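Chains as they are written, first to last, in my numbering: chain A, 1 to 266; chain B, 1 to 266.
Keep in mind that the hints were calculated from the coordinates and are not lab data. Keep in mind that this is a model prediction, so the values were computed, not measured. Keep in mind that the hints are not guaranteed to be accurate.
If several chains are the same, the list does not tell them apart, and a pair holds so long as it fits within one copy or across any two.
As the list claims (entries may be wrong) - Straight-line alpha carbon distances no greater than 30 Å define the calculated DSS-like cross-link-like pairs of lysine-lysine that follow:
#1 Lys223 x Lys251
#2 Lys103 x Lys223
#3 Lys103 x Lys240
#4 Lys223 x Lys44
#5 Lys131 x Lys37
#6 Lys223 x Lys131
#7 Lys223 x Lys240
#8 Lys223 x Lys253
#9 Lys251 x Lys240
#10 Lys251 x Lys103
2 protein chains.
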Amino acid sequence: MTERIGFIGLGSLGLPMARNLMAAGYPLTVYNRTASKAAPLTAKGAMQAERPVDAVTPGGIVVSVLWDADAVDNVVDQNGFLDRLGPGGVHIAMCTGSPEAAKTLAARHAEKGCTYVEAPIFGRPEAAEAKALWIPFAGPAEAKERARPILTALGAQGVFDFGEEIGTATIVKLVGNFLIVSASNSLREAVTMARNSGVDAPAVIDMLTQTLFPAPIYQSYGKRLAEGGAAFGQSDIPAKDVGLFKDAAGKAKTQTPIAEMLLDLL
Amino acid sequence: MTERIGFIGLGSLGLPMARNLMAAGYPLTVYNRTASKAAPLTAKGAMQAERPVDAVTPGGIVVSVLWDADAVDNVVDQNGFLDRLGPGGVHIAMCTGSPEAAKTLAARHAEKGCTYVEAPIFGRPEAAEAKALWIPFAGPAEAKERARPILTALGAQGVFDFGEEIGTATIVKLVGNFLIVSASNSLREAVTMARNSGVDAPAVIDMLTQTLFPAPIYQSYGKRLAEGGAAFGQSDIPAKDVGLFKDAAGKAKTQTPIAEMLLDLL
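Okay, chain A solo, but in the shape it has when bound (with noise of 0.2 Å):
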């Protein structure tokens, strides 16, 4: 438990899952491109990197969360990285990319001996705060392994292995997503119906998610939607995850009618 790790990105998700870590006890390197981001973490003792490469150890383990894989492959580039990791170095890559840029970035760790796993997160910052993230993730056995308790460690419930294959667990993060973004604007829409006709929306929620939809995404939604409140109908999915549903799609030779309506709604 007491391997040091690499740490890349604080943003709203990384941050709570970095403390999580360390509260794992973890000790970390971190490197966050606005350095001030790491000032709790080193408080408690995390090691600030200047750079991306600084928070690598040879063969060690480093995780990213980054918001798609251009930042990814930004941090990748930067001064050696990937020679850096080396060999039985492991890259938890966190973002949620295309599945084909997953490919060649797993391609590009490859050729340096080093290990891709991508892990796209499902879950808000309040669920990463709370080790309520969901992950589905894919790569070698081998490097899953390592990645496995560090996973559960920075904060999912649930971790589900979707086999070594580079591309299919942001397949499985691109079709939830979808999933979302279709139930969120679904849920809006009715809501608006049904307080437009003068019904009692909150009531009409309570009743749908307790019986037919007792799901967290209709439940949470659904509130904030029946409650009027400053989040009516914002999705915390952002457009371009239903674009790279749509993308991928296209070149499984799919039609996706319902993601492309989402898109023009978003």
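Guided by the hints, dock chain B onto chain A, whose structure is given.
Positioned in the frame of chain A, the structure of chain B alone reads:
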């Protein structure tokens, strides 16, 4: 518990519901357009009516389980049905029609001194058999008080009171069916994309229905879709209900881009 009830409509939902009522001790007089469908009930002691009006006891309770409001209109238009039901009579109508049609029917009942209770049904025939239906209902308080134990006896696992105004329970039902159609079609798009991308679709559905979407709708449709059986992509919800949702939204000046797209798909 021994009041004789008139029961009209012995289709795939009505028949198990009538059977549940008899099992709960209610004597029934049943009517169905195709008379032979009543055989399993008459074999157990139900009386069979030749015309809908013959199932009616003055001042009593009659339950109808018909396809839509037109079918209910057709029944109450025949042979002085409402005159016979008369003062104190309650008609529990379990169809899914438009809110306006329900209001018109309620007014016609009131003219004859009897009461219309709207109680549309969420659930498939298997759920009716298993007494696992969900029923939103609306109407005058006194009539609902008489209706509630009957709804429970005929197969509701939950009954949700949406007040006195007729049309409200219908809107709840239309909202629910819209959300079901949206979820099932989104699942179809998602499962098709995953499968065509070479990903193990049942594993994806397993993960998502254990985590983000642990709801019966997602679990049952997701399983059928992922297994790719005969039911692939078939929702049990008729297109007419999505049309009714869209029409009711239009009357409430609410835009329904998702419902319109789903209607194109259906």
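**Prompt:** Which numbered hints turn out to be false for this structure?
**Reply:** 4
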